[in-house]
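**Q** One letter stands for each residue in the lines below.
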Amino acid sequence: MPNLDVFRFEIGAWLEQNCPPEMREPVRDDGDVCWGGRKFKFKSEAQKLWLERCAAKGFTVPDWPKPYGGAGMNASEVKILREEMQRINARPPLSSFGIWMLGPALLKFGTEEQKLYYLNQIARGEIRWCQGYSEPGSGSDLVSLQTYGEDKGDHWVVNGQKIWTSYADQADWIFCLVRTDKTNKYQGISFLLFDMDSPGVTIKPILLISGNSPFCETFFDNVTVPKHQIVGELNRGWDVAKYLLGHEREMISGAGGGDRLNTIGAVAKRNGLEDPLLRAELAMFDVDALAFSALGEKFLDEIKVGKAHPAQPNMIKYAGTELNKRRHELLMAAGGSAALEWDSEGSNGGSKARTWLRTKANSIEGGTSEVMLNVISKRILDLPGA
Amino acid sequence: MPNLDVFRFEIGAWLEQNCPPEMREPVRDDGDVCWGGRKFKFKSEAQKLWLERCAAKGFTVPDWPKPYGGAGMNASEVKILREEMQRINARPPLSSFGIWMLGPALLKFGTEEQKLYYLNQIARGEIRWCQGYSEPGSGSDLVSLQTYGEDKGDHWVVNGQKIWTSYADQADWIFCLVRTDKTNKYQGISFLLFDMDSPGVTIKPILLISGNSPFCETFFDNVTVPKHQIVGELNRGWDVAKYLLGHEREMISGAGGGDRLNTIGAVAKRNGLEDPLLRAELAMFDVDALAFSALGEKFLDEIKVGKAHPAQPNMIKYAGTELNKRRHELLMAAGGSAALEWDSEGSNGGSKARTWLRTKANSIEGGTSEVMLNVISKRILDLPGA
Amino acid sequence: MALYHTEDQAMLADTARQFMGEEGAIAKQLRHWRDKQSMDGFGRVLWKQFAELGFTGILVSEADGGLGMGHVEAGIVLEEIGRNLTPSPFLTSSVMAATAIGAGNDELRGRYLPGLLAGDSVFAMAIDEGPKHRPERIATRAERAGNGFRLAGSKTFVVYGGSADMLVVAARTAGADGDQDGITLFAVPKDSAGLSQDPIRLVDSSKATHVKLDGVQVYDDAVIGEVDAGRALLNRVLNAGRIGAAAESVGVADGAFDMTTTYLKQRKQFGKLIGEFQALQHRAAHLYSELEIARASVIKAQQLLDATACGKPSQYADLMVSVAKAKVGKVASLAVREGVQMHAGIGMTDEYDIGLYMKRDRALAEFMGDMYYHAERVAQFSGY
Amino acid sequence: MALYHTEDQAMLADTARQFMGEEGAIAKQLRHWRDKQSMDGFGRVLWKQFAELGFTGILVSEADGGLGMGHVEAGIVLEEIGRNLTPSPFLTSSVMAATAIGAGNDELRGRYLPGLLAGDSVFAMAIDEGPKHRPERIATRAERAGNGFRLAGSKTFVVYGGSADMLVVAARTAGADGDQDGITLFAVPKDSAGLSQDPIRLVDSSKATHVKLDGVQVYDDAVIGEVDAGRALLNRVLNAGRIGAAAESVGVADGAFDMTTTYLKQRKQFGKLIGEFQALQHRAAHLYSELEIARASVIKAQQLLDATACGKPSQYADLMVSVAKAKVGKVASLAVREGVQMHAGIGMTDEYDIGLYMKRDRALAEFMGDMYYHAERVAQFSGY
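Chains as they are written, first to last, in the numbering used here: chain G, 1 to 386; chain R, 1 to 386; chain Y, 1 to 384; chain B, 1 to 384.
Simulated from the structure, these hints should not be mistaken for lab results. Values in this document were obtained by computation on a predicted structure and should not be read as measured data. Among these hints, one or two may not hold up.
Here are the simulated lysine-lysine pairs, BS3-like style, with alpha carbons at most 30 Å apart [stated by the list, open to error]: (1) R:K242 with B:K36; (2) B:K212 with R:K204; (3) G:K269 with Y:K268; (4) B:K212 with R:K378; (5) Y:K268 with G:K378; (6) R:K378 with B:K265; (7) G:K378 with B:K28; (8) G:K185 with B:K272; (9) R:K242 with Y:K265; (10) G:K242 with Y:K272; (11) Y:K265 with B:K268; (12) B:K48 with R:K182; (13) Y:K265 with G:K378; (14) B:K190 with R:K204; (15) B:K272 with R:K378; (16) Y:K212 with G:K185; (17) Y:K265 with G:K182; (18) G:K204 with Y:K48; (19) R:K185 with B:K268; (20) R:K242 with B:K272; (21) Y:K265 with R:K378; (22) R:K378 with Y:K36; (23) B:K36 with Y:K272; (24) G:K378 with Y:K48; (25) Y:K268 with B:K36; (26) R:K182 with B:K36; (27) G:K242 with Y:K190; (28) R:K307 with Y:K48; (29) R:K185 with B:K36; (30) G:K204 with Y:K36; (31) G:K185 with Y:K28; (32) G:K182 with Y:K212; (33) B:K265 with Y:K268.
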């Protein structure tokens, strides 16, 4: 494929010329990640420049069509872009729920106006999105949600409460499941978009066991949402949400992969690894992690050609998140008492312990492991009554 | 307690004088176990003598009352007898389902006539018993059983089929659950005793994956059972069966205990143990096994003073059988290709592999692990709907 | 000895359970001192109450004014501490340091035990020297100097070191790092010149320090037990700390398990109580079984230690201490992980207590050797 | 290379699945030969059919009359063999021995490959020397003698050794037991003087032997590859055997899993299909996930081996082969254990096939190194 070789050369050359040296350093903490949005403070001029340059080329969403802010690349081209970025250690120019979750749903369910309007802003990192799914009392059980949008002709008036809204305090807009028909449990929910600065929206961060607050409680008190801000059909928001959850599960599941050059045992070794039984556990883990990374690769290959079972992301999400939890249990054990430090000189703000605690949410957010196993039982194994 | 010291001295002296030297050798295979019964062939004169001497003293069932063939010992005395027998490595004079299972049920539910008649024969090893509970189609679900006893005035006529009847082909009598009321699922089952030589009883051994046939299918075709051969009340056989299952679970659960002087790692070491990761697994297993043996000890202590939860045997059965299966998985791994031998010189008739396969039944017979977990959920944890 | 509590022990358990459930409750102690960012990390008033109830004297001989009880009784208190996540220096002072000091001469015991018994003093243990527990190798050196010794080295994970009046330091007076012999225990007052401590708050909000010993001069009267022959005493102290930590972990696991089964009976999803879901029932039942086994291993080890307390060391007791610490380490970790997962979202919030159990479990798992360390010892004791 | 089968590979899979499902079915092969107490333990007619379908030539180069395919294709056949528990010398002869012989000179290839391709010959591998797989240490010696070598030593777990026309023997021509260098592979005809075999039936009803080499004289033409420098070739042969056994295990696990999920949909207890019980559903779903991961690791390793087949050895390929063998070992064992447990009573009977899967899994797990051996290699490759 000579064309792809030329393409690789061109991409490589562009990256060399345009990626600032500071953006080729490893990401050290969350401040190094560019999340975009109205409230985002760039950490450096280089971070801002890198986003702008990539957005101008469509490289923040390379597989999206050009009219929507993408570069219109096919799967092979995207892979080359990714490989070339890895080669020079370039940081991702933009991380965003808009790209990972809402974007794919809009591409599938949005109107042409919505696509042009929202996708371009997402691609340029101008809107940061949060997700309004869970409610108190309905964690895994999304269809029981209560937040209600009353029909007022050209708009809805939304009242209710969401929980586990990721970074709601930093988000500009929300994509939100709202009940629009109280008589139909499954087909009475719509998928609405609205501005978090709308009157009546209140946000309260939730303090987590990790000491951070990545999630919020979000309250809606007579929030007005114009009718054109619905995605998909009225009362069929569940279809959009399920499609989007699939993407979320793929994303979260990515966390479990093993890096073949950097097995957990090799990491632990750097701090000394004298317990033979801990070493044994690490080796057993590395087998699982390396095998899982082959699964991840296989899944990406299969999905490109439509060979993957549509429920496969649930399996990957389950296995990947459980693996990641185990990884951090073992890293804590390998770190010993030093990893217990929460607040001390030299513990980098207790980062090991906080990360460990953070991973416990992996198997809860985006569908619990139990729900994933239910889905596998039903949709893949076709077990009775599942 | 000076009395007990005297008691210990007397017991010790009797054992020294009466236990033949051949009966102080370790049990090497099932032929060395004395099961008693009409069909039993003693392997040696010493085996026969040892049974007769112990039976005469009531030592085959030391805690049973003297009129029923026991020695009327209290718990402390039984413990001393056991310890003294262990001290000289004496083999148990008699092993029998009559002692472990039916006996305790008869002591609780039997009439005085039944006790005098059956218990004495059990104590002397004259009747070998088998258990007729499971039926095809009702494995864990005992209440769905179909074998039916039709009331004919002074006797029942029993028709039906049992499965998993342990050693039915070697047994003299059966204790059997039989439906005597078709209108009441739970309270329509009676607990009957009858002779396996009765006309209409047919026995067909089941070949197992281990290559042995410890279980049979048993067919009843118009078998006559006199009315006085019922244990407990009519249609309340379930109470007797449940009581007896508790004893069976205790017995099976005993299999999982770890011997502190003989950890599995120490056993494996004798054949060389060069894989550090296998060694690690053995160490983790030995922790579990040694901790489990503490539980067994604690349970026996507690049961003596009525402190144990009545459903605790289910837990011990679950944990002990799962542990024993794991033990033999590890022994197979430690044994390597030599343990795979089924039929060869030097593999002792494939005993390692056959024993390994045999252990797989531990978590099925006497109530599956799944049923044990259900019982714990319901009776100990009081979980809803369990 | 039967493997359950005697009547006296059952009474002590009732007292401890009631006291800790009221005075030592999570909101009253752990959250209170944590949110205050307290320097001690525990309450001095509560510590006095421990003394008033006699808890501080459980492992102190009656001749020295204590109760002369054993590890079973200390474990009873620790289990309630674990259940309520009550921060206190009980384990380090009243269990480990008391075991060490109890082996000292009359003068040393007279110097330290009254303060301990009265709940006025706090003692800390300076044993570990790296991130993992490895007391077979001690590099901190104490060299003869003047009328005593000069100590040099560094110690890690010194729990409540910052609040302690005195630190029990394991140091090498002879031989090389890995030698069995040549160990001596020292009672080093907190304000000794050359002793410095870096304060740390741990994941469970307890406090610890890194200790530097930069030529700390102590006199002969600081020696606890015999010079060069302190390994046996150190092992007794370690056994006390290990089985104590295991007992506390049983309480932690039990507390987490109780919270979780309660939640299973309250929380509804998909129109059912989540405790009705058989997959969760079986996981809960399995966890229950494991907890019972862990609990049995702890009381077995406690009784063995008590049976040999002042006599010769018993390898069976050593073995069962490691079995118990390893088993509890494994099971308590399962209990808190299942606890958080079954609580799902709210389990991740600081507002709910289940996450606090997970944090405390992690610190206890590491304290005095984790399951890998102790399972390794089991293998070595068994000759493989 | 995408991690799924190409169209050609998918066609091969269809052929293999249909053929093995019909001709290689359990009742027709495994049970038949087992119940006959057959000396071979497999069917010679079936072996000819393997040849007719070209299976025997998958790893033989086109120049030598084979198909010149790779480990992915060999794995496709092996997976179907596993699913049907079909006894055959395919893994030892057509995968391992073929890899060895393929590296021999023209004369040697000409001597052995036609018989292999035609399904007339059977070859066996004599590598292990003790109950555990440990090919880093080879003690069997081959000393220069006359126009060749004299072999002395013993070999274990020589699968189908009794049926083999020739044994590929790994022996030491120089150095000490644990040396990397000094290994040579020899093609030793079955009827060589001094070669004796003790026959064994294994738990899975397959046949193997213990081999004694008591001064067996071979000539220079028995050497496969280079003298003293056979380690690299041996590693290629081992990789072929390991990934082959892993592929077969995936088939075994898959077969057991299919039987089990089918049973879950048929068997009733307590008035419900047992597949309705959530606890069993979750265990089945977990097992499914693990199986998918194991399968992915196998195809990844196969592709890496094929990419480096005739070129330089790749440590990444070696690593992934061990990852796959270890992962499959773990998962297939879980699959057969869950299979037997979920079948409950009937799972214990010889009449039902699920127990046969458990037996075959056990033998495959041991063959060419178990999960402990391979996880250890993963650790060593990773530098810890």
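**Q** Are the hints correct? Go through all of them and say.
**A** Here is how each hint holds up against the structure:
no.	hint	result
1	R:K242 with B:K36	violated, 45 Å
2	B:K212 with R:K204	violated, 44 Å
3	G:K269 with Y:K268	violated, 45 Å
4	B:K212 with R:K378	violated, 60 Å
5	Y:K268 with G:K378	holds, 21 Å
6	R:K378 with B:K265	holds, 26 Å
7	G:K378 with B:K28	violated, 34 Å
8	G:K185 with B:K272	holds, 28 Å
9	R:K242 with Y:K265	holds, 27 Å
10	G:K242 with Y:K272	holds, 22 Å
11	Y:K265 with B:K268	holds, 28 Å
12	B:K48 with R:K182	violated, 60 Å
13	Y:K265 with G:K378	holds, 26 Å
14	B:K190 with R:K204	violated, 45 Å
15	B:K272 with R:K378	holds, 19 Å
16	Y:K212 with G:K185	violated, 65 Å
17	Y:K265 with G:K182	holds, 28 Å
18	G:K204 with Y:K48	violated, 40 Å
19	R:K185 with B:K268	holds, 17 Å
20	R:K242 with B:K272	holds, 22 Å
21	Y:K265 with R:K378	holds, 12 Å
22	R:K378 with Y:K36	violated, 43 Å
23	B:K36 with Y:K272	violated, 56 Å
24	G:K378 with Y:K48	violated, 59 Å
25	Y:K268 with B:K36	violated, 59 Å
26	R:K182 with B:K36	violated, 47 Å
27	G:K242 with Y:K190	violated, 62 Å
28	R:K307 with Y:K48	violated, 35 Å
29	R:K185 with B:K36	violated, 47 Å
30	G:K204 with Y:K36	holds, 23 Å
31	G:K185 with Y:K28	violated, 44 Å
32	G:K182 with Y:K212	violated, 67 Å
33	B:K265 with Y:K268	holds, 28 Å
Consistency note: the structure conflicts with the earlier hints numbered 1, 2, 3, 4, 7, 12, 14, 16, 18, 22, 23, 24, 25, 26, 27, 28, 29, 31 and 32.
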